[in-house]
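K.L.:
Sequence:
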Amino acid sequence: MQDAPLWQPDAHRLAAAHLTAFTRLAETAFDQALPDYHSLWQASCERPDRFWSLVWDYTGVIGNKGQTLLSDPEDMLRARFFPDAALNYAENMLRRHDDGLAIAFWGEDKVKREMRWQALSALVSQLQQALAGAGVQQGDRVAGFMPNMPETIAAMLAAASLGAIWTSCSPDFGVDGALDRFGQTEPVVLFCPDGYWYNGKPVEIRDKVVRLAEGLASVRKVVVVPYLDNASAFAAAVPKAVSLEAFTAPYLAGPLTFARVPFNHPLFILYSSGTTGKPKCIVHGHGGTLLQHLKEHQLHGDIHAGDRLFYFTTCGWMMWNWLASGLGTGATLLLYDGSPFAAGGRILWDYAQAYRCTHFGTSAKYIDGLRKLELEPIRHWSLTELRALFSTGSPLAPESFEWVYRAIKADLNLASISGGTDIVSCFALGCPTLPVYRGELQCRGLGMAVEIRDEHGQPVVGKKGELVCTRPFPSMPVGFWNDPQGEKYRSAYFSRFDGIWCHGDYAEITAHNGVIIYGRSDAVLNPGGVRIGTAEIYRQVEAFEEVLESLAIGQRWQDDERVVLFVRLREGYRLDEGLTQRIRDRIRQGASPRHMPARVIQVADIPRTLSGKIVELAVKNVIHGEPVNNLSALANPEALKLFENLPQLQH
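Residue numbers (full-length UniProt numbering): 1 to 651.
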């Protein structure tokens with residue numbers, strides 16, 4: 001942490017920010033002075049009922065709010081926001097019907113399309129009628145085994161408009177991984193593509209979809225969306241399948257209708273990574289998702305109507321749902337499918353320049369990869385309208401903060417954000433009116449009563465501990481699917497601290513009221529009884545050009561635990577004594593002697609989930625000879641073999 005900010009908003013940006021206007025409105029509504037962000041945050045946490053009601057009003061939510069704002073506010077498990085409300089998420093997304101650009105889509109450099117607001121509404125209308133014609137009713141599940149493309153957005157909105165529940169994963173999932181998810185939620189309609197592009201090559205998935213269709217007895221119809229221009233032939237070879245064109249042909253586009261449902265009516269089912277068993281099926285509601293995303297987009301992201309919002313994501317990650325909600329603010333969505341490093345790493349920046357991107361979202365891993373490619377966007381692309389860069393997926397290294405300002409753009413709100421599938425949103429994130437400090441997330445989210453608790457359960461500032469939330473918030477899950485008594489739900493979030501949400505992140509609140517995330521608390525290392533976040537080690541290792549990625553675990557050793565670091569090196573490098581010593585020295589000096597690994601071991605690959613997150617716990621199980629329960633959750637399960645019976649760990 002450093003006292004000199006890397007960036008501060010200028011007077012023009014402060015004056016134009018949604019947050020500035022909202023703060024003035026809140027001062028009147030709450031009848032109190034709110035001189036800075038932290039005072040607004042405190043007010044939003046003290047009275048979540050009036051705060052979220054004001055968010056509803058400010059963002060212009062379409063629907064009936066009802067008389068009660070929040071029932072049982074002192075009990076997080078029983079609390080219900082707007083229990084009398086009636087609304088529909090899709091109705092709030094489809095406010096515009098003009099010929100402005102709603103969605104742009106690039107499938108690498110192979111497919112480039114645009115969809116206007118009128119065309120989006122027309123397609124949703126046809127899909128709405130076709131789904132109803134296929135017997136889809138409120139509460140039924142509609143699944144997407146889909147790339148991030150316009151038809152996926154339209155299918156989701158059509159399902160939501162009927163009060164059906166949308167659930168998705170990306171077509172790079174294996175059959176077992178998809179069945180582990182959809183097999184639990186039992187969709188009645190499944191959308192899939194006729195293939196997709198990756199790294200410049202078409203990817204054939206027909207056999208995979210055949211097995212998926214055969215394995216899902218609940219599915220009555222498979223709808224094949226054209227991507228490789230082979231939808232009809234593809235559909236002919238898949239059980240219960242029909243092309244998108246044939247599915248919608250009987251229906252003319254007309255005025256949309258929307259089933260207004262209760263605030264907590266299920267909208268999405270998202271899935272946990274599932275590395276310790278079958279994925280948890282996390283249910284999120286219409287109202288909570290809508291309110292939380294509108295708040296984050298407008299007050300934290302400063303997204304306005306007409307802005308161009310990009311996020312690199314697949315449909316297997318909650319950031320896809322977050323991105324889709326940008327329609328509710330009237331922004332143009334810039335959808336991308338394929339490798340982010342296509343065209344020599346240039347593709348995403350070509351896209352950003354072509355559409356004058358205002359908000360660019362990606363992962364910390366991508367930023368680190370771009371840095372190691374030595375590709376500096378500031379030198380090659382005009383990014384004059386880019387105002388914010390979002391980063392999530394893992395903690396963004398302090399060095400990457402500095403690199404972004406040097407190599408992408410100097411006048412930029414760099415917003416590292418952290419939350420998750422569990423809340424389909426963020427606990428800590430960016431703020432357009434606050435400075436950016438090296439290595440820190442700018443703030444805790446409005447309406448999110450986040451604290452850090454030590455091992456005794458006491459709130460601490462300037463010290464590491466468990467990230468918790470002490471007051472209810474609208475995007476708490478409605479529950480888990482097939483968990484009628486709520487036992488799995490309570491166990492997941494409320495077993496550590498009574499009545500308080502414990503998220504499972506190891507974090508710290510800084511002197512600036514920012515947040516540092518040190519990694520998952522279940523992956524925390526504990527050598528000599530000292531708790532160490534793995535992100536603290538990764539931050540040091542990422543500085544080495546030789547290292548592509550790394551993974552740290554704690555090995556049980558001589559009645560204690562020792563730190564073991566695995567590194568995957570760039571092609572042409574090998575781990576010799578000199579590099580090993582430089583890595584250990586850097587960790588000792590940059591973190592502490594406690595962080596220094598007892599063993600540094602080179603491996604050819606590092607296992608990761610289907611959404612790209614490295615899996616420390618699976619590797620820890622392997623080195624201790626313990627089973628890894630759900631290999632289908634991994635993108636590269638064969639990598640685990642590299643960690644079995646390593647001689648370096650026997651002494």
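A hint or two may mislead.
Calculated pairs, PhoX-like style, for lysine-lysine (alpha carbon to alpha carbon, straight line, at most 20 Å) [said to hold, decoys possible]: (1) K365 - K409; (2) K221 - K372; (3) K221 - K112; (4) K409 - K372; (5) K221 - K201.
Keep in mind that the hints were calculated from the coordinates and are not lab data.
K.L.:
If a hint holds in the structure, say so; if it does not, say that too.
P.N.:
Hints versus structure:
1. K365 - K409: holds (18 Å)
2. K221 - K372: Given pair K221, K372 is violated - Cα atoms ~45 Å apart, limit 20 Å.
3. K221 - K112: Not satisfied, since the Cα-Cα distance of roughly 28 Å exceeds 20 Å.
4. K409 - K372: Roughly 17 Å separates the two Cα atoms, so the pair holds.
5. K221 - K201: Judged against 20 Å, a Cα distance of about 28 Å means the pair is violated.
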